[in-house]
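Sequences and hints are given; from them, build the entire structure.
Those sequence lines, one after another, are chains A and B.
Going by the working numbering, the first sequence opens with residue 1, and the numbers climb by one from there.
Going by the working numbering, the second sequence opens with residue 1001, and the numbers climb by one from there.
Because the hints were derived from the structure by calculation, they are not lab data.
Computed beta-carbon distance windows for the label pairs:
1) A:Gly20 - B:His1196: 25 to 33 Å
2) B:Asp1062 - A:Pro205: 16 to 24 Å
3) B:Thr1213 - A:Leu98: 24 to 32 Å
4) A:Val316 - B:Ala1199: 51 to 59 Å
5) B:Leu1107 - A:Gly20: 21 to 29 Å
6) B:Ala1041 - A:Arg348: 38 to 46 Å
7) B:Pro1217 - A:Leu240: 35 to 43 Å
8) A:Ile62 - B:His1196: 31 to 39 Å
9) A:Phe354 - B:Ser1143: 52 to 60 Å
10) A:Thr122 - B:Ala1273: 25 to 33 Å
11) B:Val1020 - A:Ile345: 31 to 39 Å
Here are some chain A residues the structure puts well away from chain B; computed CB gaps all over 12 Å:
12) Gly20
13) Phe26
14) Leu28
15) Leu38
16) Leu118
17) Glu119
18) Phe121
19) Gly132
20) Leu300
21) Val320
22) Ala324
23) Tyr353
Anything over 12 Å on all C-beta distances counts as not near chain B; from chain A, calculated:
24) Phe63
25) Leu147
26) Pro261
27) Ile264
The structure displayed is predicted, hence computed values, not measured ones.
Every residue, glycine too, gets a C-beta built ideally from N, C-alpha and C.
If you want the building blocks of each chain, they are given just below.
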Amino acid sequence: MAASTSAASGTNIYAAGLLGKRTPWFVLAGCLAASFVLFWLLQAGTPGATLNVAGAIIVGAIFYPLAIYTISLLVEGARKAKDRLVTALVYGAFLLALAPLITLLSTVVANGLARFDLEFFTYSMRSIVGAGGGFVHAMVGTLLMTLTATVISVPIGLMTSVYLVEYGRGPLARAITFFVDVMTGIPSIVAGLFAYSIFALLFGPGTKLGIAGAISLTVLMIPVVVRSSEDMLKLVPNELREASYALGVPKWLTILKVVLPTSIAGIMTGVILAIARIIGETAPLLVAAGFTNNLNYDMLNGRMQSLPVAVYYQYVSPGVDVQAYLDRAWAGALTLILIVMLLNIIARLIARYFAPKSGR
Amino acid sequence: MPDTAAPARAKPRLRPGDRVFSGSALAAGTLILAILAGVAAFLIIESVPVVTTDPKDINILDGQPFWSYVAPLVFGTLWSSAIALLMAVPVSIGIALFISHYAPRRLAQGLGYIIDLLAAVPSVVFGLWGGNVLAPAIQPLYSWLTEHLGWIPLFAGPASGTGRTILTASIVLAVMVLPIITALCREVFLQTPVLHEEAALALGATRWEMIRTAVLPFGRPGIISASMLGLGRALGETMAVAMVLSSSGGITLALLTSSNPGTIAANIALRFAEAFGTNINLLIATGLILFAITLVVNMIARWIIGRRREFSGAN
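Okay, structure coming up:
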């Protein structure tokens, strides 16, 4: 089927033993057409069946590598055929990865808009059963806990990267580098269990506080901050440091007044990307900060809701009116994605517009 | 490590500011080691009651010994991550090759950002998507597979009616680790010495032969460590599995039925809110096992990366 379409395109190019530049496109079109015809024929027997467009495209996409391989094998030989096969597979891999991204974003936007209204951003879930209500308690919780985690982890992370770049020599620095890398791989729920364990030992079992959630986020955030700011500090040209030393400036002032200001844009980008990473964390907050329907501004007293945990609970324990709970969950997911995207864009803008003028 | 200061032997005097600053930098660095040690220590302390308490007094255990409770969870964790990795690694290598060697130069960076977008999506959103969109959409395929390929043990029937099987969970996990593995592989592939590539092409190699002889051998340690890091992420992933998988315990290789093994992380998330007394200690003990597994996986990955210093995973 596909061979006939491709044969039509060539005039004299086969003489050179090569496929034409546009031949793969013709083959692809032929494969898709054949696949659609196949699906149409299969479903023609069953009345009322609609054409399975997604299935037809997938089957057509599976046909294509086989078709191009066969055609190329016949015309160009085995080596070229394998090259074309791999090219088709590599392009296919990329398109395959786009599929979940596109369906995910489109469903989140489509389902999230149903409850993306004023009430969602002004009401908590206190004594709400069924429809209505909002996530303001969760947004306040997320804001407070993320802010606290940032305030704790940025100084620690930044000073650690200063140590690694400016001071660190020998086994201790190597150990810190290694374990920071290992720390990036800590499962988020283990960080939550760690924070919970601290407070369970101090205040008795079952203690779930906003500050515990913040501490679990800190554990996840510190390694990210260290790695990104370490890379940024390494980018600062050594000439700047040497010029400063030559003027008799002490080392700590050199770091404070020369090194850090030069790399501040990159460090801020790293911090914002780290925030974007922890703001969507669910598991540690579920374990350490618990779950509540009420607005709570006090980090040190009572459970604290957060946006991802709120989405999770709307999903796993819906009430009688399931759709109302699902709508809130999707609206929460949309809010989360928007926040994360916004943070990513801000980070990229900072990286672009406040980048140091010198060096590199 | 850039060699910054004047040589160490020429230390004239230590200013107080210097001492405070270097001291606090050192303290911050050590604090990180302390935190990591603290994570292990606190988890161990909280896990001790599980060993000392009679299994009959822990409700979740229901009389069975600790290890027979943990074994299916460990199996589920490893099994789902292994399947996820099996799907994610070839696709990631393909995407990384696409961005580094196939895509038009001008588009490559933008396409890389698009894949990075996947990494930015919070896991709870992946869970929502996997449970509400992917599982119903893929269920017909499962029915078809059990009907026609049911003789393969992996596809043994009966197919789950909801589609919330371990295979669905693994697909979601694969999508989640995809950007991590891709980012690292891409970075490694881009560092292939251009002279090697050009030499291969000059000898008449096709693009695939060039990649097979120059790019892939150079990138092999990078691919391995990227896969290990992806494995670490998949092992510890909680929410997506908790929201997608309907687990009933037990060890089974069947991918498409409604009786699936749970995973450690998802089990903790699902049970922690209602747990009380020693049940919490039990869950923390399973968390300790998860911590140990991921620690080993990550340390192996870092060790492999460490042997090739030029590409480090976090940047």
